[in-house]
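Following the hints, position chains B, C, D and E against chain A.
Chains as they are written, first to last, in the UniProt record's numbering: chain A, 1 to 247; chain B, 1 to 238; chain C, 1 to 299; chain D, 1 to 187; chain E, 1 to 245.
Just so you know, the hints here were simulated from the structure itself, not pulled from any lab data.
By construction, the Cβ of each residue, glycine as well, lies at the ideal position given by its N, Cα and C atoms.
Check before you lean on any hint, since a few could be wrong.
[Claimed, not checked] Distance condition first, Cα-Cα at most 30 Å in a straight line; then the derived DSSO-like pairs of lysine-lysine:
| id | chain 1 | residue 1 | chain 2 | residue 2 |
| --- | --- | --- | --- | --- |
| 1 | E | LYS238 | E | LYS80 |
| 2 | B | LYS56 | B | LYS11 |
| 3 | B | LYS143 | D | LYS113 |
| 4 | C | LYS224 | D | LYS175 |
[Stated by the list, open to error] Just some of the chain A residues that point at chain D, by a computed CB distance under 7 Å:
| id | residue |
| --- | --- |
| 5 | ARG53 |
| 6 | ALA140 |
| 7 | GLY143 |
| 8 | LEU146 |
| 9 | ASP148 |
| 10 | ARG222 |
| 11 | THR229 |
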Amino acid sequence: MEFVSPEGLRLDGRRPKELRKLRIKLGSLDGTDGSAFVQLGNTKVLAAVFGPRGAPTGARSSAISCVIAVSAISVQGDRRSKERLGRQATEFSRALTNAMEQLVPADILKNACIDVHVQVLQADGGLFAACANAALLALANAGVPLRDICAACHTGLLESTALVDLSAQESMQQAPQAAILYECRTQSIAIMQTDNKMSTTALEELLELATEGCIALVTAMRQALISSTVQQLSTSAPHASAAQRRD
Amino acid sequence: MSASHTSAVGKVVLPGDNLLSLPDQGVIRVGAGLRQSEGYLQSIKPGVLKQTKSGKYWIEGRQKRYIPAVDDVVVGVVSDRQGDNFAVDINGPFPAALPVLAFEGATRRNRPNLQEGDLVYARVTTAYRDADPELSCVDASGKSAGFGPLKDGYLFTCTNALCRQLLSSPPPAVLLALGKSLQFEIVVGMNGRVWVNSPNCATTVLVSNAVLNSEFLSQAQAELLVKKLLAQVQQTQG
Amino acid sequence: MAAAEITDSLEADAFKKLYPDQFYARFIADGIRPDGRPLGRARTASIGLGAVSTADSSALVKFGNSTALAGIKLEIMVPKDDTPNQGQLSIAVEMAPMCSPDMRPGRPSDAAQVLVEQLNNALLASAKAVNLDDLCIDPGKAAWVAYLDIYVLDSDGSLADVTLLAAVAALATLRLPHVAVTDGGNVVPSSEAAEAAAPDEMAVEPTKLQLRSVPLALTCGLYKDQLIVGLTAEEEALVATSVTTIVDDQGRLIGQLKAGGRAEMDIARLQDCIEAAKLRYAELAGILQQAITQYDGSG
Amino acid sequence: MSDQVVCPGDRLVSAAEYSAGHGTHVRDGYVCASLVGVKQVTKTGGQKPLVEVIRRGSQPLVPKPGAAVTAKVTKVNPRLASAEILCIGTKPVDQPFNGIIRVQDVRATEVDKVEMYSSFRPGDIVRAEVLSLGDSRSYYLSTAKNELGVVYAKSVAGQPMVAISWQEMQCPQTKATEKRKVAKVTA
Amino acid sequence: MQPTAGPGPSSEALAKRSDRTELQLRVLTCERSLLHRADGSAKWSQGQTSVLAAIYGPRLTFAKKEHPETCVVEVLVRPKTRLPGPTERQTESLIRQCVEGVVLTAMHPRTAILVVIQVVQNDGCVMACALNAVAAALVDAGIPMHQNFVSVTSALMPGASVVIDPDLAEEQAAEALVCSACTTCRSWPEASAAQKGPAVLAVYTRGAMPVEDYLTLVELNRQGCERVAQFSVMAAEKSLVGKSR
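Just chain A, with the same shape it has in the complex (with noise of 0.2 Å):
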């Protein structure tokens, strides 16, 4: 099967190193602290939090707690890749959970706890990318205090061509994969996840294109939140103060 054809496109129009239309909605939901929709080509997931709030009595370990729901009609195929998704997102929400409590200070910590919850409403390729940075978002929209904004990408050696964000029917390919979650700040990988085998020299051609992709990402995280906030600020001008009580 031919992934990129020879005038340079992919299957679905794309460039190689073009990422997927990326729209952010911030704050859609009430009841909750703070809250994200990330959709990503086709990827829709939906992250909330609660908290920083009092621990619940019995406390776990870890104050923040991320759990990455994979719903049954999200995803394509029958029950049991469902099945199989859902044990692939615990896993890495073990992982995210671990990215968090590096990027949060540790006194926001003490006595509280965080909780993250991600739904997946629809799976494409990248899920656990689009996962990752609709948590990040929704703890932004929360308040919580972060050293940084990261991002997740993803990406795959196709055909002997790096391509930057799969969509679903790339990512079932047996082809190199990479995806990581990188701190632009101090230029380092939080978290780095690979399928199937590859040669260094591959590896590195991932991380470069990962790298570039996440930048690309945080841009435009960074650009949501700051409108968001921008708009905030303008409709609750004149009750400044009745705006803060849903922080």
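Leaving out everything else, chains B, C, D and E in the frame of chain A:
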């Protein structure tokens, strides 16, 4: 205050029964199991409506769970020791707290040595519906007055109605009849727990059975019951 | 900027936090609710069809903040021996942990299971909205099992009403593909089978699942002897009792559930609830019809 | 004062020249933002100017020592009463903070005669003052002033009671009195 | 309460009730205090249907569950066979809210009452039977209440006839079922002005029916509840009369 008997007095009432219309003027004294609601006196527990000589209405109920009240005497089981208190199970909604200093002669240095599972006979000093009740093993003057740990013996549970009968004055027929022919100690708690001790097991068992079976018996029936039980024991011993 | 005005509104907020009951009582005494609705009006409903493309049909329904996402996925099963002509409709409700701050992830909550029972009762046992015979492909050999999964994304009251509308909307837009059972017992799209038999025959459009009844619900509450229609979560915590009434397109009563509570109702009050449910029915049925027409037109 | 919306991780100013305030942290010699919000610089007399990031243009609401709060009592034992802080000043808080009124902080006089059960009951709404951050789980509260104490309480019969003295309240339905540490109403 | 399952009813069962008229209840029996460990218990039977209810409490509960101002009610329903599922969860929710409606929960703050219900035999009207068993067990446990409830089920049969207290065969043949719980409130002569009829505390339906038929069934249940209430009072008096000397 009206002293007239209403038709409900002495009858079995059920929770939610409207017993009488409250008069616009005057005082109606209301005790356990009753409340006023929309101009009526209403029962909130099942039982027999009673009226004391002073005119106070109350319901004599019959329940297993003990709801603590100040000055009740109770038989408790020590369940834990927390700092300066023993936690004591008295079959109520909350565990009771018995301060280690609430024993005759107890000081910081000389604390009573009670273990988990030990029985104590105590009185209730505070009882609020939303908090752990407090117990004491001394009376107001600091004397033990019979309160304190109960050693050996046999503990059984019964309804709070039977406990009230056993504690009434004069004592009920069953205890009088037993006391005439046997030697035993009995401690009755308002919390539905009765402790019996005697030199031999047969007597303890006999007393326990006689007491447990006496709840609904008249005086003559109770005396007959004791006589029968005594005869049985003598038969087996003879 | 009028500082006094803001202080007033903040004090109202504090009052609401400290004395929610008294706060609500003041509004109800004036015949209006804190969100500006009159006592007898339910919240505005919106329906988004086909929101999830990975499902065979889906519907996102909102009543105010209350949000439910229903999706159906079709799978093929071998019919049960005692019902060889019937498929299966399997309903599940999940309260997404994000739907309320008190929700913790883990085993299904009691509230979710109560909703499943109410949906089962409304759709299958009482209204018989889905005739399971319609889900049969080949008697004794193959039938559709429709997994109807409903996710409560934001829980702000009247969940029985929101989830039922979401379920009905997803069922009403469900299309069953044409399939055939081959001699080997495999199920293949009938276009392939047809092509094999008669190559020039056109592929057939999938058929719409017929609903035999369209049940919709309305939850009313009783607050200080006043009937409050279409409850929010805040109101559900304050009302003495609530009643969920389900009626269908034929004007039948599909269900009425009053699960106890701190107040009783006489028969006239129950009748008031049914009348309110009929009014709400007309409103919701219109919105549903419009959404379906629009969806069919676009898809 | 600049009016600029910043994002977490943004370098704001040099840490050598400014001090880091709310919503910021210091990294690599720079004061960086921790929140999405408006950057605000306040000049302080003599010292380094303070840089803060203010979310949606206002400060978050946390109990501070000396603040007047309104709390709901949840549990009483002989040593203390537990309460949930629901309002700080006249503003409601979203997630209640835990507070504790210890027996020695109930009233100013005859402190050794205070009985917790005669002062508060679960469900009472209490006006109090924050004493300190207390232990790790709860703020310490005090009602040792005339205008502090119970402002709203329900009787056993479920009716809101009326204060009849500084230590008694009465149920309008049953006329029974209950003991409380009553707050003196100030006009 | 699974009228859709099982074989169809025999035509004889439909034709006529052999032992009673359409508007006649089955024989009621009520036993109390039969569980030693529970604070209150009762076994309620309507004909062959029988349900056992036990009350534990008011007692201490987990810090997470306790409420500062009221007593928390928890209900567990165990079906005769199989594991509890959504049906039982709904029954639990309905019974819990009924209990909360009659118990003076403010009398015992920070505690919990646990109600355990075991279906012993199902021959129709399990929900009503369970409600009646719980009401009797609450009285047995001496839980403070400002009123009590009783429950009756009636059915709309094919051909628009109605029957009260249907057995399992009738339930399965029925077009629709309505189970309702009504409050009971007795007034002694000195408080006769307080007399009020039973009002609907809970209602649960199954099956589709015209609204008029539904209202007929609710009214029929209300009348049935008056009769059940009379029995319930008699049974309660019997269990308490021992010490009325």
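* Hint check, failures only -> Nothing - there is no hint that the structure violates, so all of them hold.
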